[in-house]
Amino acid sequence: MSWLKQLSSHWQKTHLQRPELASMFDKPLANKWVAIDCEMTGLNPKKHHLLSVAAIHINSDNIDTGNGLHLVCRPPVMPDRDTIVIHGLRTADVEQGMSYDEMLALLLPFIDNRPIVGFCPQIDTGFLNPLVKRYMGTTLPNKVIDVRLLYSRRMGNLAQGDPNQSQHLTKILAHYEIPELGIHDAYNDAIMTAMAFLHMR
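Numbering (our numbering), first residue to last: 5 to 205.
Just so you know, these hints were derived from the structure itself, not from any lab. Fair warning: there could be bad hints in the mix.
[Said to hold, decoys possible] With a cut-off of at most 16 Å between alpha-carbon atoms, the simulated EDC-like pairs for lysine to aspartate or glutamate come out as follows:
no., residue 1, residue 2
1, 137, 24
2, 17, 30
3, 31, 68
4, 36, 84
5, 17, 116
6, 137, 106
7, 147, 30
8, 51, 24
9, 147, 105
10, 137, 97
11, 51, 30
12, 36, 116
13, 31, 116
[Said to hold, decoys possible] Here are the in silico distance ranges between beta carbons for each label pair:
no., residue 1, residue 2, range
14, 69, 30, 18 to 28 Å
15, 160, 21, 40 to 50 Å
16, 33, 143, 18 to 28 Å
17, 130, 12, 36 to 46 Å
Backbone N, C-alpha and C define an ideal beta-carbon position, used for all residues, glycine too.
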């Protein structure tokens with residue numbers, strides 16, 4: 005770890021408001037990751053809201069689907085009809101969901117110090133980090149791995165020749181002959197992302 009990363013990690017840990025989450029700053033164990041996917045009402049965290057989060061442990065070459073999380077949240081504004089066709093979550097599905105703090109109380113210990121694996125995970129962390137910072141005083145300290153970038157590097161010039169090739173999870177799944185479980189469902193997307201990651205790591 006570079007001195008800059010060490011300094012950043014130290015600063016974050018000193019601002020941690022929940023001591024029970026201190027292990028998130030520990031050095032992660034080898035061959036342990038967590039795949040994450042979120043569903044939102046849109047892509048702008050300044051005006052859209054988080055609806056659900058799924059997280060699944062990856063241990064070496066195994067995806068622990070039996071112990072994953074799929075948490076539905078109650079947003080401050082209910083999803084409108086236009087976005088329901090994308091994320092599939094109706095008002096009836098989310099109005100009885102958990103608060104963001106209740107969700108984080110389950111999600112953060114589950115993530116712990118594992119590197120986060122996602123497809124375009126900067127979008128997911130863009131929604132999670134403001135909530136995480138309010139909850140524990142700092143943003144997620146975890147390393148973040150984007151399977152889209154892994155795929156682009158793996159494919160090299162092939163991906164560059166087709167700019168869409170590295171943009172869509174379905175393209176990556178097809179390349180590795182991974183069955184589609186149904187996209188825009190956070191839990192299914194997390195499983196498929198984890199499977200793609202294991203093919204590329």
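Okay, the hints, checked on the actual structure:
With a C-alpha separation of about 15 Å, the suggested pairing of residue 137 with residue 24 holds against the 16 Å cut-off. Restraint check for residue 17 and residue 30: the C-alpha separation of about 10 Å stays at or below 16 Å, so the hint holds. With a C-alpha separation of about 21 Å, the suggested pairing of residue 31 with residue 68 is violated against the 16 Å cut-off. For a cut-off of 16 Å, the pair hint linking residue 36 to residue 84 is broken: about 38 Å separates their Cα positions.
In summary, the hint linking residue 17 to residue 116 is supported, as the alpha carbons are separated by about 13 Å, within the 16 Å threshold. Taking the CA atoms of residue 137 and residue 106, the gap is near 14 Å; set against the 16 Å cutoff, the hint holds. Only pairs whose Cα atoms come within 16 Å are accepted, and residue 147 paired with residue 30 is accepted, the gap being roughly 12 Å. In summary, the hint linking residue 51 to residue 24 is not supported, as the alpha carbons are separated by about 31 Å, beyond the 16 Å threshold.
Between residue 147 and residue 105 the alpha-carbon distance is near 22 Å, which puts this suggested pair outside the 16 Å criterion. Among the hinted pairs, residue 137 with residue 97 is inconsistent with the structure: their alpha-carbon atoms are about 26 Å apart, more than 16 Å. For the hint linking residue 51 to residue 30, the alpha-carbon distance of about 33 Å lies beyond 16 Å, and the restraint is violated. A threshold of 16 Å between alpha carbons decides the hint, and for residue 36 with residue 116 the separation of about 11 Å falls inside it, so the pair holds.
Distance hint between residue 31 and residue 116 is fulfilled; the C-alpha atoms sit about 10 Å from each other, no more than 16 Å. Distance hint check for residue 69 and residue 30: the Cβ-Cβ separation is about 25 Å, which falls inside the suggested range of 18 to 28 Å. Under the hint 40 to 50 Å, the C-beta atoms of residue 160 and residue 21, about 44 Å apart, fit the expected range. Judged by the Cβ atoms, the range 18 to 28 Å given for residue 33 and residue 143 holds: they are separated by roughly 22 Å.
For residue 130 and residue 12, the Cβ-Cβ distance of about 18 Å falls outside the hinted range of 36 to 46 Å, so the restraint is violated.
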